[in-house]
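S.K.: Sequences listed follow chains R and L, in order.
Each residue of the first sequence is one higher than the one before, counting from 1 in my numbering.
Each residue of the second sequence is one higher than the one before, counting from 1 in my numbering.
Source of the hints: derived by calculation from the structure; they are not laboratory data.
Note that the coordinates shown come from a computational prediction; the quantities given were computed from them, not determined experimentally.
Positions of the beta carbon are idealized from the N, C-alpha and C atoms, including for glycine.
Check before you lean on any hint, since a few could be wrong.
Distance windows between CB atoms, simulated [unchecked claim]: (1) L/Lys298 to R/Ser293: 35 to 43 Å; (2) L/Ser385 to R/Val42: 22 to 30 Å; (3) R/Lys289 to L/Lys298: 24 to 32 Å.
DMTMM-like mimics (lysine to aspartate or glutamate), calculated; alpha carbons at most 20 Å apart, straight line [as the list claims (entries may be wrong)]: (4) R/Lys310 to L/Glu721; (5) L/Lys332 to L/Asp477; (6) L/Lys717 to R/Glu214; (7) L/Lys603 to R/Glu307; (8) L/Lys617 to L/Asp570; (9) L/Lys482 to L/Glu514; (10) L/Lys724 to R/Glu214; (11) R/Lys217 to L/Glu700; (12) R/Lys299 to L/Glu696; (13) L/Lys382 to R/Glu313; (14) R/Lys207 to L/Asp434; (15) L/Lys550 to R/Asp107; (16) L/Lys533 to L/Glu696; (17) L/Lys236 to L/Asp204; (18) R/Lys273 to R/Glu283; (19) L/Lys308 to R/Glu214; (20) L/Lys588 to L/Glu551; (21) L/Lys603 to L/Asp434; (22) L/Lys717 to R/Glu181; (23) R/Lys299 to R/Glu279; (24) L/Lys717 to R/Asp40; (25) R/Lys299 to L/Glu721; (26) R/Lys310 to L/Glu700; (27) R/Lys217 to L/Asp643; (28) L/Lys717 to R/Glu307; (29) L/Lys143 to L/Glu79; (30) L/Lys617 to R/Glu279; (31) L/Lys724 to R/Glu307; (32) L/Lys717 to R/Glu279; (33) L/Lys717 to R/Glu313; (34) L/Lys499 to L/Glu514; (35) R/Lys217 to L/Glu79; (36) L/Lys309 to R/Glu214; (37) R/Lys207 to L/Glu610; (38) L/Lys336 to L/Asp494; (39) R/Lys299 to L/Glu700; (40) L/Lys194 to L/Asp434.
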Amino acid sequence: MAATEKVGCGLKWMAGWALLAATAAPASTWYLTVAGLGGDPVYVQRFDSLAKELDKLVRTTPDAKVTTLSGGDATKAKIHAALEEAARASKPEDTLVVTIIGHGNYDGQDYKVNIPGEDVTAAELAGWMDRVPAQKQAIINTTSCSGAAIDMLRRDNRVVIAATKSGTERLATQFARFWVEAMRNPEADVDKNEMISVLEAYRYADKRTVNFYESQKRLATEHAMLEDTGKGTGVRTPGPDNGHGLLAGQTSLVRFGSLQQAAKSPEKQALLKKREEIEARVEKLKYEKAAISVGDYRKQLAALLLELAKVQEEIDR
Amino acid sequence: MKAVFAFALLAGVLPGATLTECREHKRRGRLTEERTCWQALAQSQNPAWQAEAAWGLGDYTTANTLFRNAVAARGKDPELRVRWGRLFLEHGEREEAAKLFQEALELSPDYPPALIGIASVASGRFESKATELAAKALEKDPKLYEARELLARLALEEYNEKGAVEEADKALAISPEAMNALIVRATVDWLNGKPGTEWVERLDKINPNYGEGYALAAGIFVINRRYEEGIALYRKALGMNPALLHAKAELGVNLMRLGEEKEARQLLEECYEARWRTPQVTNTLRLMDSYKNFVTFKKGMLILRVHKKEAELLRPYFEAELERASNVFEKKYQLKLTRPVQLEVYPDHEDFAVRTMGLPGLGALGVTFGNVVAMDSPSGRKPGSFHWASTLWHELSHVYALAVTKHRVPRWFTEGLAVHEETAVNKEWGDRLDPSTIRAIKEDKLLPVATLDRGFVRPSYPAQVTVSYFQAGKICDYIDSKWGWQKLVDMLRDFSTGKTTVEVMESHLGMKTEEFDKEFRTWLDQQVGGQVKGYESWRKSIGVVGAMAKEQKWDDVIKASEPLIRAYPDYVDGGSAYELLADAAEKKGDKAKATSVLEAWAKAGGRQPETLKRLAKLQEEAGNKRAAAETLERINYIYPVQDEAYHKRQGELWLELGDMDRAIREFTAVIGSNPVDAAGSYYNLAKALRAAGKTEEARENVVLALEAAPSFRPAQKLLLELSK
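Take the sequences, apply the hints, and build the full model.
M.R.: In structure tokens, the structure reads:
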């Protein structure tokens, strides 16, 4: 009984959030993408094209504020200026997404991103991001040695993703290209909610990176990490067992589809509320799966899913 | 070792034992006396004798230490190094043994026992120099009957019974008590179904407990793929002398090969406990431990063992091919197997190597032990480097060839049939004519058919095993084309009577093998002569065309590539003229040309998954969905792992084409790939199942899709439709 009450309470809270979301000014997502020095022409071309593709992809998100710096533009001053602009103009309900593509280095003390002119350190990036009011933040550092920057970049309400587990993984990484692929591939949207979260993109890119090394029969020289508790050193596979992934799952990277439009229609809000209630019951049932028989579980699940489908049909009508 | 010394002191036996005495007891098979003698010798003040005593008592660790000490004290003594090397050799540590024999040779150039030692190391590695080294030892010491014994054994390993008998007789002429020569003579009789009484009686008079000899004979039977008889001989060896741990280990390994895992494990664990911890024993036990990660599926007479991490994905493909190949072979070889066939698929090539170690020519992708077939999983190799289905057909044909001949088929013939079967099932399968084979043909290095076995067992140049596979396959192709398939089956049956290659060839083909070789070369020249002749110009030009492509001189690439394809059409690996031409055509906007070139590449045996995907895309863009689906289907037989996207696309194409069975197969494969997009994958499968009229299964899968993503609208719609 207590569990039911707790769920009921949670639903009230969710419904309240839905109403708030429908009436409040739309939140923005601030995207800063930096493609650092390539050195070798192959990397120059690769980093530049990844940054361009990312730029194009994130611009499809409603209310996106996009800054992309690559080649000669990816200087320390311009990175600082872009984050200062976010610090000045963003709101707490906004989201900040910083993506670093390129080579990094770690000398045992400081992690730096290789950019034209003076390199930028993890401490400098962290300091500039700390000034941004947007409460949800994510930094996706796809460079070599990026694991060394996790400690410096982590903070409450910030997801830190690194392509490598430490500063000793120094070879050029593959993670960035699979990260960009995640953002354009609807398959990365595993829960089919028309939004790719940071967690979904991380899992997609990590799996593709692991597959890349396995299929090439090469020793993996990068092991991506995710930290979103503000306390840890990062984990390879975020999940309930290690307490990672909650914030990353709630942080949207790109959105597509009509969900936002439906939420703005007052007559549909009752149906949306009902949908959320059923979704919560589905989640609860999944949580209780181990405690009930397979047959009962399947029966109850099928019934709930059918009910949910009917509600969705009404919403779509 | 301390305990052994203490026992010797307490027993107070043979305080004046000498090494010669102990060896004589050993030689005569007086096991109790031998052990007592070693115990006494262990008290000697002579470090070398102490080492020999520890070795004789089975304490290899102490023996190793004592030999090290002895060598340190007598640094200039080649004999000590040879004995120490022998200890390593017996323990399967060939590298260490070879170093010590080499050191002995540095101290005393051409020292015959060291030459014999190195020859034994080379023999264990199936290197051709083993024979040369043994012959060299004989030059230095013509009375060295051990060298003759080694030559006899080497000949037997090459299936050269006549040569083995000659060498054994020469050894016996030097020493009538050359026990290994007697064993070789007996083994030749046993291989031919004779009792070998004369040799056994003579041996028994010298040593009634000569288990080592029976272990040697067992090894020859194993090389001849007559595993069960080999196992029986290992058992006999152990019955005579239970302390023969190397025989116990071999018995364990060979039982494992035949799927008798319980007894195999017990024997190997006994070896391990007795500190016989050779790489063979420890690796095999480790492999057996890993079997908990495998799952076994049984379907009629077919058993499939696959690693659980890829079982769901691979099972449908492997089971289908196993079943198809069995049905085809049952008809072709006119034989119904009476025992189940077990196929084991290893994702880790090292595990596969452990599973198969100890046999020659196994750089290999698969190996057959009677009715057990072990092979690499496609995930164990780089994409495009391995056609697993071709390997499966190859190995399964061995099962039939071995069964038909009761394991008496010569190596070249069973390999030839197996290679023949690879392309008989599908011309695109099987290996192509590679540069090393072209060089061998040009340099006239193909072996006469009468001695072709040697190319498999003891290659005289690095590529000879590959070349021998090619040659054997082509010989079977030739016989099939000229005399028909039944001739090959008749020959196969005749091998079961114990006839030699020469006898079978001459009686069935009506010509001397020398004549056959001549005719075969003429036929082969018609088949591949053009490529052999064109190879040199191809080799010189392919790099130039590659450079043109880098400079984006597409017109030049188009002009230069086509003659290269004509010169060497079998070259379909990375950087082939096909791909260069396709690239150039596409850059020039001629997608139709690019498509036709890549189609020719695929038909010629091209198997790079990425290039096949590229071809499928071109075919799809041209509106030819069936061709695209069939192109993607080729990847199923090459690298169906770690790539859910191509399974998905293939499934979608089959769905559009209305081929629901194939669509279901591919969408099932997507789910077996542990996809990121579980919901989408179950949804696709549900769609195909629904289209196939399997409503209830479709409903189950759409529920699974929605379990992963409850708000997945297309799946919701499908659920509503299925619930009406």
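S.K.: Could you run down the list of hints and mark each one as holding or not?
M.R.: Here is how each hint holds up against the structure:
1. One distance hint, 35 to 43 Å for the beta-carbon pair lysine 298 of chain L and serine 293 of chain R, is violated here, with the actual separation near 28 Å.
2. Serine 385 of chain L and valine 42 of chain R have their C-beta atoms about 24 Å apart, which keeps the hinted 22 to 30 Å range intact.
3. At roughly 30 Å, the beta-carbon separation of lysine 289 of chain R and lysine 298 of chain L lies within the given 24 to 32 Å, and the hint holds.
4. Taken as a hint, the lysine 310 of chain R and glutamate 721 of chain L pair is honoured in the structure, with Cα atoms around 11 Å apart against an allowance of 20 Å.
5. Our distance criterion of 20 Å between C-alpha atoms is met by lysine 332 of chain L and aspartate 477 of chain L, whose separation comes to about 15 Å.
6. Restraint check for lysine 717 of chain L and glutamate 214 of chain R: the C-alpha separation of about 38 Å exceeds 20 Å, so the hint is violated.
7. The hinted pair formed by lysine 603 of chain L and glutamate 307 of chain R fails the criterion: a straight-line CA distance of about 52 Å is larger than 20 Å.
8. Simply put, lysine 617 of chain L and aspartate 570 of chain L have alpha-carbon atoms about 24 Å apart, too far for the 20 Å limit, and the pair is violated.
9. For a cut-off of 20 Å, the pair hint linking lysine 482 of chain L to glutamate 514 of chain L stands: about 17 Å separates their Cα positions.
10. With a CA separation close to 45 Å, the supplied pair lysine 724 of chain L and glutamate 214 of chain R exceeds the 20 Å bound.
11. Distance check on the hinted pair: lysine 217 of chain R and glutamate 700 of chain L sit about 37 Å apart at the alpha-carbon level, beyond 20 Å; violated.
12. Straight-line distance between C-alpha atoms of lysine 299 of chain R and glutamate 696 of chain L comes to about 13 Å, which keeps the hinted pair within the 20 Å bound.
13. Proposed proximity of lysine 382 of chain L and glutamate 313 of chain R is contradicted: the alpha carbons are some 47 Å apart, above 20 Å.
14. Pair hint lysine 207 of chain R plus aspartate 434 of chain L does not hold up; C-alpha atoms about 36 Å apart against a cutoff of 20 Å.
15. For a cut-off of 20 Å, the pair hint linking lysine 550 of chain L to aspartate 107 of chain R is broken: about 37 Å separates their Cα positions.
16. Only pairs whose Cα atoms come within 20 Å are accepted, and lysine 533 of chain L paired with glutamate 696 of chain L is rejected, the gap being roughly 62 Å.
17. Proximity of lysine 236 of chain L to aspartate 204 of chain L is assessed by CA-CA distance (about 14 Å); at most 20 Å being required, the pair is judged to hold.
18. Taking the CA atoms of lysine 273 of chain R and glutamate 283 of chain R, the gap is about 15 Å. The hint holds against a cut of 20 Å.
19. At most 20 Å may separate the alpha-carbon atoms for a hinted pair to count; lysine 308 of chain L and glutamate 214 of chain R meet this at roughly 17 Å.
20. Restraint check for lysine 588 of chain L and glutamate 551 of chain L: satisfied, since their Cα atoms lie roughly 14 Å apart, inside the 20 Å limit.
21. A hinted pair counts as satisfied when its Cα atoms are at most 20 Å apart, and lysine 603 of chain L with aspartate 434 of chain L qualifies at roughly 16 Å.
22. Simply put, lysine 717 of chain L and glutamate 181 of chain R have alpha-carbon atoms about 28 Å apart, too far for the 20 Å limit, and the pair is violated.
23. A hinted pair counts as satisfied when its Cα atoms are at most 20 Å apart, and lysine 299 of chain R with glutamate 279 of chain R qualifies at roughly 16 Å.
24. With a C-alpha separation of about 51 Å, the suggested pair lysine 717 of chain L and aspartate 40 of chain R falls outside the 20 Å cut-off, and the hint is violated.
25. Using a Cα cut-off of 20 Å, the hinted pair lysine 299 of chain R and glutamate 721 of chain L holds, with the two alpha carbons roughly 18 Å apart.
26. For the given pair, lysine 310 of chain R sits about 18 Å from glutamate 700 of chain L by alpha-carbon distance, which is consistent with the 20 Å threshold.
27. Of the supplied pair hints, the one linking lysine 217 of chain R and aspartate 643 of chain L holds, its CA atoms being roughly 14 Å apart against a limit of 20 Å.
28. Of the pairs offered as hints, the one joining lysine 717 of chain L and glutamate 307 of chain R holds, with about 12 Å between alpha carbons and a cut-off of 20 Å not exceeded.
29. At most 20 Å may separate the alpha-carbon atoms for a hinted pair to count; lysine 143 of chain L and glutamate 79 of chain L meet this at roughly 18 Å.
30. A distance of roughly 39 Å separates the Cα atoms of lysine 617 of chain L and glutamate 279 of chain R; the hinted pair therefore is violated under the 20 Å criterion.
31. Distance restraint check for lysine 724 of chain L and glutamate 307 of chain R: the Cα-Cα separation of roughly 13 Å lies within the 20 Å cut-off, and the hinted pair is therefore satisfied.
32. Between the alpha carbons of lysine 717 of chain L and glutamate 279 of chain R the distance comes to roughly 16 Å, so the proposed pair stays at or under 20 Å and holds.
33. Taken as a hint, the lysine 717 of chain L and glutamate 313 of chain R pair is honoured in the structure, with Cα atoms around 8 Å apart against an allowance of 20 Å.
34. Annotation: proposed proximity of lysine 499 of chain L to glutamate 514 of chain L holds, straight-line Cα distance about 18 Å (limit 20 Å).
35. For a cut-off of 20 Å, the pair hint linking lysine 217 of chain R to glutamate 79 of chain L is broken: about 45 Å separates their Cα positions.
36. For a cut-off of 20 Å, the pair hint linking lysine 309 of chain L to glutamate 214 of chain R stands: about 14 Å separates their Cα positions.
37. As the CA atoms of lysine 207 of chain R and glutamate 610 of chain L are separated by approximately 19 Å, the hinted pair is consistent with the 20 Å bound.
38. Distance restraint check for lysine 336 of chain L and aspartate 494 of chain L: the Cα-Cα separation of roughly 18 Å lies within the 20 Å cut-off, and the hinted pair is therefore satisfied.
39. Simply put, lysine 299 of chain R and glutamate 700 of chain L have alpha-carbon atoms about 10 Å apart, close enough for the 20 Å limit, and the pair holds.
40. Our distance criterion of 20 Å between C-alpha atoms is broken by lysine 194 of chain L and aspartate 434 of chain L, whose separation comes to about 43 Å.
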